[in-house]
Amino acid sequence: MTDAVLEIRGLNVDYGLGDEAVHAVRDVDLTLHRGEVLGLAGESGSGKSTLAYGLTRLLPPPGVIAGGEVLYHPDGGAPVDVLRMTLPELRKFRWAETAIVFQGAMNSLNPVHRISSQLTDVIKAHDPRSTPASRLARAREMLRLVGISADRLDSYPHQLSGGMRQRVMIGMALALEPKVVIMDEPTTALDVVVQRQILRQLVELRERLGFSVVFITHDLSLLVEFSDRIAIMYGGRIVEEATSADLYRDPLHPYSHGLLNSFPALRGPKRELTGIPGSPPDLRAMPPGCAFHPRCPHAMERCGVEVPVLGIPGDVRSGHDAGANEPAPADRTVACWLHPVHDDGL
Amino acid sequence: MTTSTAPSASGTTDVVLEADGLTKHFPVRKRGRELLSRKVRSVRAVEDVTLRLHRGRVTALVGESGSGKSTVARLLAQLYPQTSGTIRLHGEAVSDAAGGKRFRAYSKRVQMIFQDPFASLNPVHTVRYHLTRALQIHGNAGKSATEREEALTHLLTRVQLTPPERYIDKFPHELSGGQRQRVAIARALGADPEVLLADEPVSMLDVSIRLGVLNLLKDLKERLRLAILYITHDIASARYFADETYVMYAGRVVEGGESEAVTQRPAHPYTQLLIESAPDPDRPAAQEKDGGTGEPPSLINPPEGCRFNPRCPFAMKVCAEKVPPRFAIPADSAIPADSADGTDSADGAVADSTAHFAACWLYGDGLSEADKARLREPEEAL
Numbered sequence: 274m275t276d277a278v279l280e281i282r283g284l285n286v287d288y289g290l291g292d293e294a295v296h297a298v299r300d301v302d303l304t305l306h307r308g309e310v311l312g313l314a315g316e317s318g319s320g321k322s323t324l325a326y327g328l329t330r331l332l333p334p335p336g337v338i339a340g341g342e343v344l345y346h347p348d349g350g351a352p353v354d355v356l357r358m359t360l361p362e363l364r365k366f367r368w369a370e371t372a373i374v375f376q377g378a379m380n381s382l383n384p385v386h387r388i389s390s391q392l393t394d395v396i397k398a399h400d401p402r403s404t405p406a407s408r409l410a411r412a413r414e415m416l417r418l419v420g421i422s423a424d425r426l427d428s429y430p431h432q433l434s435g436g437m438r439q440r441v442m443i444g445m446a447l448a449l450e451p452k453v454v455i456m457d458e459p460t461t462a463l464d465v466v467v468q469r470q471i472l473r474q475l476v477e478l479r480e481r482l483g484f485s486v487v488f489i490t491h492d493l494s495l496l497v498e499f500s501d502r503i504a505i506m507y508g509g510r511i512v513e514e515a516t517s518a519d520l521y522r523d524p525l526h527p528y529s530h531g532l533l534n535s536f537p538a539l540r541g542p543k544r545e546l547t548g549i550p551g552s553p554p555d556l557r558a559m560p561p562g563c564a565f566h567p568r569c570p571h572a573m574e575r576c577g578v579e580v581p582v583l584g585i586p587g588d589v590r591s592g593h594d595a596g597a598n599e600p601a602p603a604d605r606t607v608a609c610w611l612h613p614v615h616d617d618g619l
Numbered sequence: 007m008t009t010s011t012a013p014s015a016s017g018t019t020d021v022v023l024e025a026d027g028l029t030k031h032f033p034v035r036k037r038g039r040e041l042l043s044r045k046v047r048s049v050r051a052v053e054d055v056t057l058r059l060h061r062g063r064v065t066a067l068v069g070e071s072g073s074g075k076s077t078v079a080r081l082l083a084q085l086y087p088q089t090s091g092t093i094r095l096h097g098e099a100v101s102d103a104a105g106g107k108r109f110r111a112y113s114k115r116v117q118m119i120f121q122d123p124f125a126s127l128n129p130v131h132t133v134r135y136h137l138t139r140a141l142q143i144h145g146n147a148g149k150s151a152t153e154r155e156e157a158l159t160h161l162l163t164r165v166q167l168t169p170p171e172r173y174i175d176k177f178p179h180e181l182s183g184g185q186r187q188r189v190a191i192a193r194a195l196g197a198d199p200e201v202l203l204a205d206e207p208v209s210m211l212d213v214s215i216r217l218g219v220l221n222l223l224k225d226l227k228e229r230l231r232l233a234i235l236y237i238t239h240d241i242a243s244a245r246y247f248a249d250e251t252y253v254m255y256a257g258r259v260v261e262g263g264e265s266e267a268v269t270q271r272p273a274h275p276y277t278q279l280l281i282e283s284a285p286d287p288d289r290p291a292a293q294e295k296d297g298g299t300g301e302p303p304s305l306i307n308p309p310e311g312c313r314f315n316p317r318c319p320f321a322m323k324v325c326a327e328k329v330p331p332r333f334a335i336p337a338d339s340a341i342p343a344d345s346a347d348g349t350d351s352a353d354g355a356v357a358d359s360t361a362h363f364a365a366c367w368l369y370g371d372g373l374s375e376a377d378k379a380r381l382r383e384p385e386e387a388l
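Protein chains in written order, with our numbering: chain E, 274 to 619; chain W, 7 to 388.
No wet-lab data here; the hints were simulated from the structure. A hint or two may mislead.
[What the hints assert, rightly or not] Here's a subset of chain E near chain W, in silico, CB distances under 8 angstroms, partners left out:
hint, residue
1, Asp300
2, Pro430
3, Gln432
4, Gly436
5, Val466
6, Arg469
7, Asp501
8, Gly548
9, Pro553
10, Leu556
[As the list claims (entries may be wrong)] Stretch by stretch, here's where chain E covers chain W in the computed footprint (C-beta under 8 angstroms, at least three residues):
hint, segment
11, 134–140
12, 276–287
[Unchecked claim] Listed next, the stretches of chain W that the computed footprint assigns to chain E, with coverage defined by at least 3 CB atoms under 8 angstroms from CB atoms of chain E:
hint, segment
13, 227–239
14, 322–333
Bear in mind the structure is a predicted one, so any value in this text is a computation, not a measurement. Ideal Cβ positions, reconstructed from N, Cα and C, are used throughout, including at glycine.
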């Protein structure tokens, strides 16, 4: 069950056109496998949300997809490029195949409509022949799925707490049983206790329904706990990708290392933490070479000149049991001159 | 000014600012039939909060949104008048400071830093303007332009915005979030305060620069011997940064003590839930307990007794009847619990204010030893 469901190849997203353009996402390659939770971590301005909007073609106007392809593999069908879909195709694709839960999603419910009509609207739009009764039954089922009692169907959003609204949004995203769910900071506005309840529920639902999740957040410690694989973005590029256990145990990129050391631990010995000096780069004036080199403690001369490519590091072998002739799915890549790419195969 | 008011023999534990039984109710606007009745409903945002801020120490106030932690900060800054309770600065009660000269004198000694540096700085003014104003209002600008310039340079250097001339004429939009928060801190320092009330100072900042700002505050605490109130929802950062930690739930302080004691041996069931819920990559997924359900209560009609009792897995009958006082938690569970005897008033019983306490009936006398042991079990398993 490790075949790809969504493949992003060389995706570039700009804001604006021509020389003025700001390159928010550059040359991103990313694969989402069936049934996995892929974490996407980065600071604000690293391009993680832009990436999510780019691959669902939801970019607001100054945003332009400058290149690349996003291949969606339907169950047993030929892959389709999301970026080349016509509008009617896209209409069908969205929500039924890929759903997205936005940042601050609890504020994206319409305040003047009841929860029931907002839930049934989705089903109606994608399946016009369904009967009102069946839609309502489905809506009730969705609420139950996310742990809200069905008698809240007739509530207005303001009658629900933030956590419940967020659950409604997640339920709505799952209403058509999509294969891919993209969650953009789904729990950032919630308190830790509620956040944990919702995430636990999400993990459970994924096991039951078998969808894949792209989980975008700045909270790396949360990702390590909840995702299978993590990709770290910095300055519009992916700088490291690894399984969450590998990343937590042994981060290769200095930025990943710094990011992991930015979270004080709740257990274990107390130690002095430093965070990362400097501040995230301005996308309008990106430093040459590796975008991280002005803040990097290990920066070399080469870092300021050449952009490191993302690849399997030569000094760390991934997957001990994998045979030498089959590098398996490259489960560990990094873009850093400290770890030169072993083989330019990627 | 700061040294003259402080006792000369100042250890690390002298109290600068203290709140006693601080309570704040916000009236709710009447609607519908209520307009005809006399009953006034109110949001009971803060109820009977007692805490002390010590010179050269950081006190953290941890809680979920809506727990009243920001309201406590605003009450301490005298931005709101309290409904009841007293605030004492160096033992002197602060009364009705809102507005006027007395407020200014108070705010010179107690300064506040807000959560959002994007909103707390005026976008049409430069860093120089913000800082000069703070210096002038609080009479620290010196007599001449050169003295003022020196003071400005000094402020910026102190918050590690160096070289100062690179930042002094910048507008807020030209600075990054971390730099903006540093300017906000410099502005607070312009008053030369004794107390800094920091309301979620880093939660709007990027992850990688949060620690930089926290370390700066730590450094200021040590060098200027400031008393800092650090308000946060992130209990892990409270452990890292604060000497003492108080945990608030639904307007009441439920637990407090040394940060290490509160985070490593949480006593109140709510604190335990909070700590279990915090992201922790070291925890094996299988070990996760089926944590809490439910949500914080409405503060218009809060539950009787302990406000956590509807969600509490250990709730007893007494929990829904009487508000639990602060019970001392022995430093080591081997100490017999009768050391907690007589700690039945919220005030004097816990003599040393940094001692670990929990406002929970589980630690009262009515509980058998076996039950207490059962409660402590889960934390030891972690």
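Right, here's what the structure says about each hint:
1. Asp300: violated, 23 angstroms
2. Pro430: The hint is violated - Pro430(E) has no Cβ within 8 angstroms of chain W, the shortest such distance being about 16 angstroms.
3. Gln432: violated, 12 angstroms
4. Gly436: Holds, about 6 angstroms.
5. Val466: Holds - the Cβ of Val466(E) comes within 8 angstroms of chain W, reaching about 5 angstroms at its closest.
6. Arg469: Holds, because the Cβ-Cβ distance from Arg469(E) to chain W comes to roughly 4 angstroms (cut-off 8 angstroms).
7. Asp501: violated, 11 angstroms
8. Gly548: Holds. Min distance 3 angstroms.
9. Pro553: Holds, about 6 angstroms.
10. Leu556: violated, 13 angstroms
11. 134–140: Since 0 is below three, the answer is violated.
12. 276–287: It holds, with 9 qualifying residues against the three required.
13. 227–239: violated (count 1)
14. 322–333: Violated: only 0 residues of the segment 322–333 of chain W have a Cβ under 8 angstroms from chain E.
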